[in-house]
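Q: In case you want the letters, here they are:
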Amino acid sequence: MDPTSRPAVVIDYGTGYTKMGFAGNVEPCFILPTAVAVNESFLNQSRTSSSKANWQAQHSAGVMADLDFFIGEEALAKSRSSNTYSLSYPIKHGQVDNWDAMERYWQQCIFNYLRCDPEDHYFLLTESPLTAPESREYTGEIMFETFNVPGLYIAVNSVLALAAGYTTSKCEMTGVVVDVGDGAAHVVPVADGYVIGSSIKSIPIAGKDVTLFIQQLMRERGENVPPEDSFEVARKVKETHCYTCSDIVKEFNKHDKEPARYIKHWRGIKPKTGAPYSCDIGYERFLGPEVFFNPEIYSSDFTTPLPAVIDKCIQSAPIDTRRALYKNIVLSGGSTMFKDFGRRLQRDLKKIVDTRVLTSEARLGGKIKSQPVEVNVVSHPIQRFAVWFGGSVLASTPEFFAACHTKAEYEEYGASICRTNPVFKGMY
Amino acid sequence: MILLQSHSRFLLQTLLNRVQNLGKAVELDYHWVEFDDVRYHILVSMKNPNVLLLSVSLPIPPPEAVFIGGLPFGAIEALKAAYGVVVQILDPPRDGFNLTLKLNLGKLPLDEEHRYALLLKIASVREVVLGAPLRVVLKHLSSRTVIPGIDGLLALVHRSKESFFLVPQPDKVTVVFPMRFKDSIDIAFATSFLQEFVEARHTAVLNNAPPCLWSPNPPLELKEAPAEALSANAGFVSFVIFPRHVEGKKLDRTVWNLSTFHAYVSYHVKCSEGFMHTRMRRRVESMIQLPCCYLLAGCAASALHVKFSWNGCLVGDSDRNILPLQATQVKGSYLVTHVVSQALDRAKPGVEEKKKSPNSRSFKRLSLKEARANSIS
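One line per chain: the protein sequences are W and D, in this order. Residues 1 to 428 (this note's numbering) are what the first sequence spells out, left to right. Residues 1 to 377 (this note's numbering) are what the second sequence spells out, left to right.
These are calculated hints, taken from the structure and not from any lab test. We treat Cβ as the ideally placed atom computed from N, Cα and C, and that holds for glycine. Careful, some of the hints might be misleading.
[Claimed, not checked] Covered by chain D, according to a simulated footprint, are these stretches of chain W (three or more residues, beta-carbon under 8 Å): (1) 15–27; (2) 102–112; (3) 143–157; (4) 213–219.
[What the hints assert, rightly or not] With a straight-line Cα cutoff of 25 Å, these simulated DSS-like cross-link-like pairs (lysine-lysine) come out: (5) W:Lys236 - D:Lys24; (6) W:Lys407 - D:Lys161; (7) D:Lys223 - D:Lys161; (8) D:Lys139 - D:Lys121; (9) W:Lys208 - W:Lys312; (10) W:Lys327 - W:Lys351; (11) D:Lys139 - W:Lys407; (12) W:Lys92 - W:Lys201; (13) W:Lys250 - W:Lys339; (14) D:Lys80 - D:Lys250; (15) W:Lys339 - W:Lys257; (16) D:Lys250 - W:Lys339.
[Unchecked claim] Restraint-style ranges between C-beta atoms, simulated for each label pair: (17) D:Arg9 - W:Lys270: 51 to 57 Å; (18) D:Leu120 - W:Met173: 53 to 59 Å; (19) D:Asn208 - W:Ala77: 48 to 54 Å; (20) W:Glu27 - D:Gly248: 37 to 43 Å; (21) D:Leu120 - W:Ser300: 43 to 49 Å; (22) W:Glu399 - D:Ser45: 27 to 33 Å; (23) W:Tyr277 - D:Arg253: 40 to 46 Å; (24) W:Lys270 - D:Asp171: 43 to 49 Å; (25) W:Ala77 - D:Arg253: 21 to 27 Å; (26) W:Asn253 - D:Arg94: 35 to 41 Å; (27) W:His265 - D:Ala204: 57 to 63 Å.
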């Protein structure tokens with residue numbers, strides 16, 4: 001049977017979580033932490049043995065170690081329960097950092113989780129808009145050489161996030177994608193499906209920083225959290241209790257007046273001793289997401305709030321696209337899931353735009369009235385895996401198979417076919 | 001992970017998820033495909049959240065395999081025996097599928113452990129259905145009888161349009177797998193993997209494992225088989241299963257391991273390719289740090305194309321790389337030619353004498369200055 005008659009495999013690998021599944025579905029099959037736990041006890045054995053039998057035993061032990069690794073939740077559990085497994089995160093800040101671990105991760109994704117034969121399916125992988133061509137080549141090399149996939153498409157995740165909104169409401173492929181993941185945050189303007197590469201802005205604050213900030217706040221308040229668990233607790237707190245407030249001062253007042261209503265509790269079990277503990281969750285509920293709007297509370301190097309970055313990004317885009325871009329600002333990535341994040345962003349951005357319109361009108365002496373600029377931040381319920389959903393939509397269209405790089409092309413021209421992506425070619 | 005698990009991870013996850021949130025009505029409609037072309041479809045509607053429709057489509061059977069009503073023989077009985085009242089088999093199945101099961105989640109046992117065991121069994125529906133004929137044969141083996149009406153060869157489907165063969169006898173069952181792979185590299189890997197596999201059987205630890213043989217030609221057991229089923233590019237593997245291998249609880253494992261043997265080999269072929277590439281990448285990275293980085297940078301780019309020996313790569317690749325390198329690196333060209341010619345000299349003993357004679361074309365003559373002189377004259 002021809003591979004094009006089977007659904008394509010869509011894998012969106014992010015710094016924090018990997019989303020994978022088959023095209024044509026509305027949800028990914030699995031959402032796993034991007035982590036690999038490798039058994040390294042074999043590597044540290046002394047290599048000073050003389051007899052051949054011993055060498056062979058070591059060799060076969062080393063070969064076995066190649067298969068002795070876990071990914072995802074299992075990896076986190078293994079590394080916590082035993083000392084022989086060391087945990088590594090193959091992706092750092094949205095870029096693949098450790099290719100060996102990444103290859104192992106893919107191998108487990110394909111064979112153990114999705115349980116499919118990679119030769120039977122076309123693959124759609126994602127990358128951040130700032131990925132180097134070399135790493136795209138590397139991805140192609142691994143997919144074609146090791147896994148023998150019949151076809152591969154490496155899509156830009158922001159375009160996919162736009163495509164996710166494409167089906168639900170309107171046919172719009174122009175917009176700004178605010179992609180805040182766990183390890184990287186980008187603001188990417190897209191016009192008619194083409195990425196405006198020169199206007200991409202990235203900010204050094206992402207989901208992981210929110211977690212670190214919450215961890216810091218809890219530590220400074222002296223909450224009773226075991227240190228080896230504090231990062232995980234902070235992550236859970238972020239995912240379950242954080243929200244965006246409209247005004248910090250008011251929110252502090254609310255918390256102080258009605259602590260019973262706003263302060264949550266966290267109960268856990270210490271991993272080493274097994275003793276239960278509990279701690280309070282207070283201001284960090286709204287201070288965590290606040291780092292995007294007032295970065296100075298977290299870092300002293302970067303102090304531009306997210307709405308200002310978005311505004312700067314749109315202002316640097318070609319002038320005829322700006323109105324359309326303001327009209328369609330799409331959120332994607334797990335760290336935009338805080339309650340009311342979109343509303344706050346829209347309000348702050350609107351304020352910036354209105355001030356600019358007012359000053360320019362004042363400068364012109366009120367003779368010319370400009371049309372009001374429509375600012376619209378779109379948030380949809382599937383934000384967490386919007387990129388994956390966009391990929392699933394794209395890969396289920398019949399045109400997808402024609403756009404893929406095929407194995408035959410790879411064999412003819414080599415890995416350089418993966419270097420360029422057509423979505424960057426439109427505007428310049 | 002060394003062996004493939006018999007349950008579909010996603011199906012188990014979905015079922016557990018559904019059972020835990022029975023009160024919440026959700027709509028589920030999910031298609032997915034597993035190795036060897038087994039397709040699944042899950043359907044839950046808002047109206048009836050307790051009922052889950054699970055459809056399975058099996059690989060297309062080759063003409064020699066026996067299929068009754070779209071299912072391997074014995075499958076219906078096996079399904080009934082495994083699931084009991086919880087599952088109802090719908091006839092006819094949904095369009096495009098071989099089998100549709102109607103699961104009533106309200107009827108699951110309340111006991112936590114039993115429920116999990118049953119859900120696990122449902123998640124391994126593939127093993128129950130595709131392994132059914134094999135299970136019947138092996139059950140007869142454990143009671144040392146032969147199924148009446150079947151003599152000689154029995155073909156069972158395991159991949160799309162491909163089958164493996166059983167020769168049931170009262171005291172043993174011979175299982176023969178024709179191994180086929182698409183890619184030429186996969187064929188080479190699989191052949192050596194299978195030879196190693198047979199070798200490993202001879203070690204003392206595995207004395208009780210089923211005897212295993214590999215041969216490039218069809219074994220004698222297959223002389224009655226149709227000719228088109230006998231074209232295997234990675235040889236034939238045969239196992240001899242004795243009653244001791246199918247006693248009690250071992251039966252399930254034996255059935256699963258035999259019915260997915262091809263997937264197992266292909267998984268390990270992919271793994272070994274992956275680890276070979278990992279090592280090659282590491283090697284290339286360590287070589288790049290050497291002083292003669294010019295040559296190696298060239299090799300690094302195409303290291304993954306030359307798979308088998310580093311020595312071969314050095315010679316074969318330097319031949320191909322020398323021209324582009326010369327074209328781009330005008331300043332370094334002499335150095336490159338020099339390094340490459342040295343490498344070639346080491347590799348080919350005959351070059352040494354040739355180089356000494358003034359008229360022969362050695363690599364030195366390719367340096368820029370002389371090339372220009374040649375073109376002028």
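Q: If I claimed the Cβ atoms of Glu399 (chain W) and Ser45 (chain D) lie 27 to 33 Å apart, would that claim hold in this structure?
A: Given a distance of about 32 Å, which is inside 27 to 33 Å, the answer is holds.
Q: 57 to 63 Å was suggested as the range; check whether the CB atoms of His265 (chain W) and Ala204 (chain D) agree with it.
A: 59 Å, holds
Q: Count the residues of the stretch 102–112 of chain W whose CB lies closer than 8 Å to any CB of chain D, then report whether that count reaches three.
A: holds (count 6)
Q: Is it true that the CA of Lys339 (chain W) sits at most 25 Å from the CA of Lys257 (chain W)?
A: 22 Å, holds
Q: For the hint 51 to 57 Å, verify it against the beta carbon of Arg9 (chain D) and that of Lys270 (chain W).
A: 31 Å, violated
Q: Can you tell me whether the CB distance of Ala77 (chain W) to Arg253 (chain D) sits inside 21 to 27 Å?
A: 25 Å, holds
Q: Is the distance from the Cβ of Lys270 (chain W) to the Cβ of Asp171 (chain D) consistent with 43 to 49 Å?
A: 58 Å, violated
Q: Straight-line Cα separation of Lys223 (chain D) and Lys161 (chain D) no greater than 25 Å?
A: Given that 25 Å is the threshold and the Cα spacing comes to 20 Å, the pair holds.
Q: Lys80 (chain D) and Lys250 (chain D): Cα distance at most 25 Å?
A: 21 Å, holds
Q: Lys407 (chain W) and Lys161 (chain D) were given as a pair; does the straight-line alpha-carbon distance stay at or below 25 Å?
A: 23 Å, holds
Q: That 53 to 59 Å hint for Leu120 (chain D) and Met173 (chain W) (C-beta), does it hold up?
A: Because 45 Å falls outside the window, the suggested range is violated.
Q: Between the alpha carbons of Lys139 (chain D) and Lys407 (chain W), is the straight-line distance 25 Å or under?
A: Roughly 44 Å separates the two Cα atoms, so the pair is violated.
Of the hints listed earlier, those the structure fails to meet are numbers 4, 11, 16, 17, 18, 19, 21, 24 and 26, in rising order.
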